[in-house]
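As you go down the protein sequences, you meet chains S and U in turn.
In terms of this note's numbering, the first sequence opens at residue 1 and continues consecutively.
In terms of this note's numbering, the second sequence opens at residue 1 and continues consecutively.
Worth flagging that the hints you see were computed from the coordinates, not collected in a lab.
Possibly wrong hints are sitting among the right ones.
[Claimed, not checked] No farther apart than 25 Å at their CA atoms in a straight line, the calculated lysine to any residue pairs in the SDA-like style are these:
#: 1; chain 1: S; residue 1: LYS20; chain 2: U; residue 2: GLY179
#: 2; chain 1: S; residue 1: LYS20; chain 2: U; residue 2: LYS288
#: 3; chain 1: U; residue 1: LYS291; chain 2: S; residue 2: GLY63
#: 4; chain 1: U; residue 1: LYS288; chain 2: S; residue 2: PHE68
#: 5; chain 1: U; residue 1: LYS288; chain 2: S; residue 2: LEU46
#: 6; chain 1: U; residue 1: LYS357; chain 2: U; residue 2: PHE285
#: 7; chain 1: U; residue 1: LYS312; chain 2: S; residue 2: PHE56
#: 8; chain 1: U; residue 1: LYS291; chain 2: S; residue 2: GLN43
#: 9; chain 1: U; residue 1: LYS291; chain 2: S; residue 2: ARG12
#: 10; chain 1: U; residue 1: LYS246; chain 2: S; residue 2: PHE56
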Amino acid sequence: MSTTVRIPGPLRRYTDNADKVQVDAGNLVDVINQLNSLFPGIQDRLLDDAGEMRYFVNVYLNGEDVRFLQGLETPINDGDEVSIVPAVAGGS
Amino acid sequence: MANTISLRCRECSRDYPIEPLNVCEFCFGPLEVVYDYGAINASTSREKIASGPRSMWRYADFLPADYNPVTDINAGFTPLIRSRNLAEELGLKELYIKNDSVNPSYSFKDRVVSVASAKALEFGFDTIACASTGNLAGAVSAHAARSGMKAYVFIPSDLEAGKVLTAAIYGATIVSVDGSYDVVNRLCSELADKYRWAFVNINVRPFYADGSKTLGYEVAEQLGWKAPVHAVAPAASGAMFTKIWKGLNEFADAGLIDTPVNTHMHLAQAEGCSPIASAYLDDRFIIKPVKPDSVAKSLAIGNPADGYYALKTIESSGGSAVVVEENEVSEGVKLLARTEGIFTEGAGGVAISALKKLAQSGTIKPNDQTVVYITGNGLKTVELVQDVVHPLLIEPTVDAFEAAVDTKVS
Chain S
1 MSTTVRIPGP
11 LRRYTDNADK
21 VQVDAGNLVD
31 VINQLNSLFP
41 GIQDRLLDDA
51 GEMRYFVNVY
61 LNGEDVRFLQ
71 GLETPINDGD
81 EVSIVPAVAG
91 GS
Chain U
1 MANTISLRCR
11 ECSRDYPIEP
21 LNVCEFCFGP
31 LEVVYDYGAI
41 NASTSREKIA
51 SGPRSMWRYA
61 DFLPADYNPV
71 TDINAGFTPL
81 IRSRNLAEEL
91 GLKELYIKND
101 SVNPSYSFKD
111 RVVSVASAKA
121 LEFGFDTIAC
131 ASTGNLAGAV
141 SAHAARSGMK
151 AYVFIPSDLE
161 AGKVLTAAIY
171 GATIVSVDGS
181 YDVVNRLCSE
191 LADKYRWAFV
201 NINVRPFYAD
211 GSKTLGYEVA
221 EQLGWKAPVH
231 AVAPAASGAM
241 FTKIWKGLNE
251 FADAGLIDTP
261 VNTHMHLAQA
271 EGCSPIASAY
281 LDDRFIIKPV
291 KPDSVAKSLA
301 IGNPADGYYA
311 LKTIESSGGS
321 AVVVEENEVS
331 EGVKLLARTE
341 GIFTEGAGGV
351 AISALKKLAQ
361 SGTIKPNDQT
371 VVYITGNGLK
381 TVELVQDVVH
391 PLLIEPTVDA
401 FEAAVDTKVS
């Protein structure tokens, strides 16, 4: 068992065009660390210099915005799906 | 050809070619269209605009797509009405109502989709799609019908019946998603990576959003080539609000109206979903996403993409933001209908109730020239004001009528 991470179009040049990546992580920080060891450089796209999630990145755990959960500390379980989505979309 | 140069990231200023792209690959910031203002300003004039089509395409010099009759359903150039009764009720001397509820699909969304659908055809797409709280669904569906494109519109499952019907009638595939707009939007962002469709508010968003600039141009032209002292507009994603301001400033830079623009931009949201207005009132520039729970469903975006830029617009224009209570949404709808004969939806009710607060607080002074933007039509959301219906039930006789209405002509 592991966690599926959905990779958005703008980040797929880091993942050899893979739209899904499997990781084995305890929380969201782990997820990002593992992504970065698999695909060096991807962390800088997701986190700012202070280590916070970039303003225009949304991360969802099983469809729920992690800002409504525990942010980067949000626990991740086997079988979960993490989705990384650019925030700049929409307009009713 | 459109007077465009490139797309540019608003955050880190990286340039991208004119393509269906909305996000900077480096910082995920929003991409915006960069215009050749030298060419625009050399080409445009009051006379040229005034002799143009009676639609938003009279401002084609300022738009990021070429006019295309294949997709045009005559969006824009809606009435700007001088208010008498509402103005008097609010103690204002010069109040105008920009009635954008009378667009072809009955909301301001025809403006953005008119640009997006023309651009989608330019890019060679055969399918157009969107995430929508309703009005955009109708506009996308109508423009798709006109242009012969296929349409998929994704909506939250709790949408008003009238919003769903007025999208379905044009033949789009309606996908009703179990969740809020923000959930629908997330799904569409994922789908946009997979399907080669023009998602108007995702991969075509930089072009789409600039359609709302025409709400600034039009008001300036209709006021006799000047910007108002105050503008009051509802906000969901915040995109329209920022583009009105951008439109006014582009007009000033082009010498079409006086510079600098001294319009105070006031943003209106309802209590049940006010992430932008709440940030303003808390004096912070970080938007905290919320779970929408508001009767003003067309404004129910809990994670507004342009929230930050809307706050910057308020700051640079010396404006403000207003939160109206949930019960004031329908009160605003009724007030506008009762005083001016204009039937708007919840978003318009939010704008009217916000205007009332701004007048009462003295933020808008009696002599200040003020424009309030009415962006959607009440006939799509009749549920909101069902309580106004209480007809007199009578037998078909004169006596019964006179007994019921308590009036008698003797």
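Results for each hint:
no. : hint                : result
1   : S:LYS20 - U:GLY179  : 23 Å, holds
2   : S:LYS20 - U:LYS288  : 28 Å, violated
3   : U:LYS291 - S:GLY63  : 13 Å, holds
4   : U:LYS288 - S:PHE68  : 10 Å, holds
5   : U:LYS288 - S:LEU46  : 18 Å, holds
6   : U:LYS357 - U:PHE285 : 23 Å, holds
7   : U:LYS312 - S:PHE56  : 16 Å, holds
8   : U:LYS291 - S:GLN43  : 28 Å, violated
9   : U:LYS291 - S:ARG12  : 30 Å, violated
10  : U:LYS246 - S:PHE56  : 21 Å, holds
Consistency note: the structure conflicts with the earlier hints numbered 2, 8, 9.
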